Each structure stands twice: as C-alpha cells, then as structure tokens.
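One letter stands for each residue in the lines below.
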Amino acid sequence: MSVGERDPFTGHQTTGHEWNGIKELNTPVPKPVYFFLITMGVFALGWTLLMPSWPYGTGYFKGLLGVDQKQAVARSIEEATAQRASWMIRIEKEDLAQIQSDTDLMRTVREDGRTLFGDNCAACHGANARGNKGFPNIAESPMLWGDNPQTVLQTVTAGINGADPNTRVSQMLAFGRDGMLTQEQVSQLAGFVTSLSDAATITDTNKEDIAKGKDLFATNCVACHGKDAKGLVESGAPNLTDQYWIYGGSRGDIYQTIFSGRQGHMPSWGARLTPAQIKIITLYLLDLRKNEAGTTAGGAS
Amino acid sequence: MFNFHYRLERNAIGFVLAIIVVASIGGFIEIAPLFTIDETVEKAPDMRVYTPLEVAGRNIYIREGCYACHSQMIRTLRDEVERYGPYSLAVESKYDHPMLWGSKRTGPDLARVGGKYSNDWMTAHLNNPRDVVPESNMPAYRWLLRNQLETADLGEHLAALRAVGVPYTDDMIANAPKDAVGQANPDTDLATGVTERYGEKTDVSLFDGNQGSVTEMDALVAYLQVLGHLTGAAHTTPQNEVE
Numbered sequence: 001m002s003v004g005e006r007d008p009f010t011g012h013q014t015t016g017h018e019w020n021g022i023k024e025l026n027t028p029v030p031k032p033v034y035f036f037l038i039t040m041g042v043f044a045l046g047w048t049l050l051m052p053s054w055p056y057g058t059g060y061f062k063g064l065l066g067v068d069q070k071q072a073v074a075r076s077i078e079e080a081t082a083q084r085a086s087w088m089i090r091i092e093k094e095d096l097a098q099i100q101s102d103t104d105l106m107r108t109v110r111e112d113g114r115t116l117f118g119d120n121c122a123a124c125h126g127a128n129a130r131g132n133k134g135f136p137n138i139a140e141s142p143m144l145w146g147d148n149p150q151t152v153l154q155t156v157t158a159g160i161n162g163a164d165p166n167t168r169v170s171q172m173l174a175f176g177r178d179g180m181l182t183q184e185q186v187s188q189l190a191g192f193v194t195s196l197s198d199a200a201t202i203t204d205t206n207k208e209d210i211a212k213g214k215d216l217f218a219t220n221c222v223a224c225h226g227k228d229a230k231g232l233v234e235s236g237a238p239n240l241t242d243q244y245w246i247y248g249g250s251r252g253d254i255y256q257t258i259f260s261g262r263q264g265h266m267p268s269w270g271a272r273l274t275p276a277q278i279k280i281i282t283l284y285l286l287d288l289r290k291n292e293a294g295t296t297a298g299g300a301s
Numbered sequence: 001m002f003n004f005h006y007r008l009e010r011n012a013i014g015f016v017l018a019i020i021v022v023a024s025i026g027g028f029i030e031i032a033p034l035f036t037i038d039e040t041v042e043k044a045p046d047m048r049v050y051t052p053l054e055v056a057g058r059n060i061y062i063r064e065g066c067y068a069c070h071s072q073m074i075r076t077l078r079d080e081v082e083r084y085g086p087y088s089l090a091v092e093s094k095y096d097h098p099m100l101w102g103s104k105r106t107g108p109d110l111a112r113v114g115g116k117y118s119n120d121w122m123t124a125h126l127n128n129p130r131d132v133v134p135e136s137n138m139p140a141y142r143w144l145l146r147n148q149l150e151t152a153d154l155g156e157h158l159a160a161l162r163a164v165g166v167p168y169t170d171d172m173i174a175n176a177p178k179d180a181v182g183q184a185n186p187d188t189d190l191a192t193g194v195t196e197r198y199g200e201k202t203d204v205s206l207f208d209g210n211q212g213s214v215t216e217m218d219a220l221v222a223y224l225q226v227l228g229h230l231t232g233a234a235h236t237t238p239q240n241e242v243e
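Chains as they are written, first to last, in the UniProt record's numbering: chain A, 1 to 301; chain B, 1 to 243.
Keep in mind the hints are simulated off the structure, nothing from the lab. None of the values given here were measured: they were computed from a predicted structure. For glycine and all other residues, C-beta sits at the position ideal for the given N, C-alpha and C. Each hint should be verified, as a subset may be incorrect.
[Stated by the list, open to error] Dumping the calculated PhoX-like pairs for lysine-lysine here, alpha-carbon to alpha-carbon at most 25 Å:
(1) Lys43(B) with Lys62(A)
(2) Lys70(A) with Lys201(B)
(3) Lys94(B) with Lys70(A)
(4) Lys70(A) with Lys43(B)
[What the hints assert, rightly or not] Incomplete in silico selection of chain A near chain B, CB under 8 Å:
(5) Ala80
(6) Gly134
(7) Ile246
(8) His265
Using the sequences and the hints, build the whole thing.
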C-alpha cells in the first residue's frame, strides 16, 4: 500500500487500496457537487434567519420576516370580516321581516346560508332539508314547534332536548315499555294512528280494534297531540294526520314509537354559531320552505 | 481544505468523534423544539382527562383506522377556522398518546365535532352512513352496535396512560370498568360515580340509544362527542386579535 501513488495511464492518484492487483482511482469530487452543496447551505442558513428558528435557553429566534401563523390567520379573518361587513352589519341589526323584504340582501343570505346549512344542518336534515328516518323533513312538513320566523330562530339557537338551559324539551313516552299500556292496547292504538293518515288501512276485521284505539288515544295522547291529532306546537308534538313521519309511518314503525317512545335531539347551535349565522340559517330555511311550497303548488296546478 | 478528510480517515478515535458530532447535530435539531415547550404548549387549567369509556372509544377509533380519512387538527388557515371553529392548540392533544392529528382528509376534520350532531345521528351514521347522508362514501361500521365493549382491561389502559403522564388517580384506575358501564347508562348508581370522578360536565348518555348493555358504539360515540371539549382553551385564547 502506497499513498500518493499515481496511476501511469490517467495521471490520477490512487486511493492506495489494492484488490487482486486492481487499484482504485482517487478522482476528485465533481465541481457541481460542491457548488450545490454550498448554495444549499447558504440558502438554508438564510432561511433560518428569515423564519422562526434557532432556540436559545428560554425562547427562540423569531426570524427577520416576523412570520407568525397565528397572527396571519387572525389578519386574514379580519380581512374577511371587513369584506362581509357591509351586509353582515345589516343582518345583525335588522329584524327578520326587514331582511326578508330586501331582495338584494336575501340573495346574499341564500348564498351564505347554503354553505352554513350544508356544513351544519345537512348531516341530519339532508342537503335538500327533506330529512331522513329519525330526522325531520324541514323543507315541506309542518314545523314541530311552529314556523314563525322568531320561533324557528329560537329552535335553532336553543336546540331541542339540547344542552342549552332554554332548550325546547319534548318527549314521546314509552307507553309499552314503561307499562302504561299493554301490548294489545299499543297495537290497537297503532292501528288507529295509522288509520288517521291512511284511511285505506281500515278493514272490516280491524274496525273494532281501531275503535278501541280511538278511545285509548282520547285518554292517553290528546294532551300532547291535540283532540284532532293534528299536533300542538306548544309541546312540539307532531301532526299525526298528515303524510310526514319522522320515524316512519308504517303500522310497524308507529307501534315501535308508541311502545318504546321517542326523544329526538337537536344540538343547541347558539353555542357553536354566531347569532348572525343563526339568523342566516333561519332565513335560508324559511326561504327554502317558501320555494318548496311554491313548486308543490305550481306542480299541482 | 478538501484534503482534511484524508487525515481524519487515518485517525480512528478522531473519526469516531467526528461521527458522533455529526450525528448529534441531527439529534439536536429534533430535540431543540422541546426547549421552548413552555412557550408552545398553552396553559389549560380546565383540561380534563378522557373517561374510561372515551379511552375505549379512542382505541376503537385507532383500531378502525378512522385517522386515515379524518384529521383532528384545525390549521391556522381562514377557511378552516371559519368552517370548523378555533384552530387547534397544542394543549388540546396533551393527553393524547399517541396523538391522532392525522394528515389526510377524505372526510371532514373531527377536532371539534363533539356536540355538533346528536348521539342518534352519530349512531345511525356509523352504522351505515348512507342512511343519513346518501352521498357519503364512508364505510359502514355495523359491527360496532353488535359488539359488546371489552371493559375488564380498561383499568390497565388507564394505568398505561398514567405511566406516560396522564394524571389518572388510583380511584379512577380501580373503577375504570364500572365507570365505562356507568357513562353509557344514565340514572344508575354507576353513572353517579362517573360524574364524581370526572366532573359534572362529563357527558353521561345512552350513546347508542340502548339502556343496559355497553357496546363498542357507545364507546366510539362517547369519544367523538368529547372531541374539542376536554378544555375550552381554544375558545378563550384570543384567535382573531392582531397584536
């Protein structure tokens, strides 16, 4: 092994290692490699000077550019708020009827409301607000707690059986499970309730049971659902004579509802959304209901 | 200068020392951010620990790979803050071992999903997402409602978490299996124990809608409903103030 030995053919130095008579040339590192190594090193050093980087004892170097993500997001939200300020201030100040009568403002409400509804309400009520089993159709059916704008606003803010102290509270009792009615009685009652919205279910064989169900209804159900079974908005009890059912309108579904009770839950959105956002959602929904009613009426004529 | 390594390569001790120096630079870069941890992790005196049922739900969340499609990290971007709420703070993941921030969103971020939807919806949606959201492409996790939750070993899970710094008391560890059952069965004696040990704000509900048995659905829904509610720090830290 000899250091500094030169290869006679190329003139390069060898590494001095020899394998069975073969020696390795010690060619120099290509110049571009040094170039990129140094450029990258300088760039990295410069970057650490510009951005938050080097720690020291109790803190860290904040960088010459003063980049701070928390402030950046605060600034961009402030900009966004300023952009929306022209119409948002009117939503905040004006009452619902005033906003509804302003077609320009309602256009903005429809646009913004679509996004808010899609992100917050559509999961349960569906993107078209027509609901799913267990979650009410709020596009077409009568509203459980009334569809007066102020009432809807209150429902969205406080929720139903929610966490808010002012939440609306409503519960369908478990007449069968808790032993208030026998299984036979629940069955008779289910037959009667089914017949309210679908008279075709009344046959000669079940007429008597339905009559018994009617008596049971008068003693057990009228307090919440009303004498005519058309529901009471004061107690959030649904109309049982129409075609809209939250938990299904078949005889089996109705039996299940009477037997085990129901207690739906709508979160209290006041804790998550701003009052203006809730106003927008309310107005969006009322507008959507008006359009649904319009198309249905138009289709019928 | 370029021939310095010829000399280094011929000196065994010197070469070993040089390797140690170079390798420790990499280590230092990884460790250095921890020097300023007091400044990066916010204080949250109201922070509570996960209850045994929530720990079980978290384990199911990991088992089913929910983190592969859902993140739990609201970034400091305008669109995320406007959609999901205040951006995530480091302190909110203080008791997460491992953290489940995730890096991919096929579904939405879940960092603040707690309380956004009802237990009924969570149960229906996990059982089969298409039942409530027809356009959803999330898989159906039907076995969650069928599988009884394994509660016997929850004390050991809590003890393991205590070993890495989660402040569980001996009382909490001893009563873990009972508390898991209690949290899913309101108005029972077991439920009282849960609020005594974990605070009045603990969500004691029929998560899967059924009294009595405790299913994996109970655990997962309990966990999802507490996301973003361990501390109110993110809501009190001024987020929209420009200094």
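Given pair status - Lys62(A), Lys43(B), alpha carbons within 25 Å: holds, 21 Å
- prompt: When the nearest CB of chain B is found for His265(A), is that gap smaller than 8 Å?
  reply: holds, 4 Å
- prompt: Hey, Lys94(B) versus Lys70(A), does the alpha-carbon distance stay inside 25 Å?
  reply: holds, 19 Å
message: Under 8 Å is the threshold here; is the Cβ of Ile246(A) close enough to any Cβ of chain B for the hint to stand?
response: This hint is violated: Ile246(A) lies away from chain B, its Cβ roughly 11 Å from the closest one there, beyond 8 Å.
query: Is Lys70(A) close enough to Lys201(B), meaning Cα to Cα at most 25 Å?
result: Judged against 25 Å, a Cα distance of about 30 Å means the pair is violated.
message: Using the nearest Cβ pair, does Gly134(A) come within less than 8 Å of chain B?
response: Gly134(A) check passes; min Cβ-Cβ to chain B is 6 Å, inside 8 Å.
Interface hint outcome for Ala80(A) [beta carbon to chain B under 8 Å]: holds, 6 Å
Holds or violated: Lys70(A) to Lys43(B), with C-alpha atoms at most 25 Å apart: holds, 17 Å
Hint violations for this structure: numbers 2, 7, all remaining hints satisfied.
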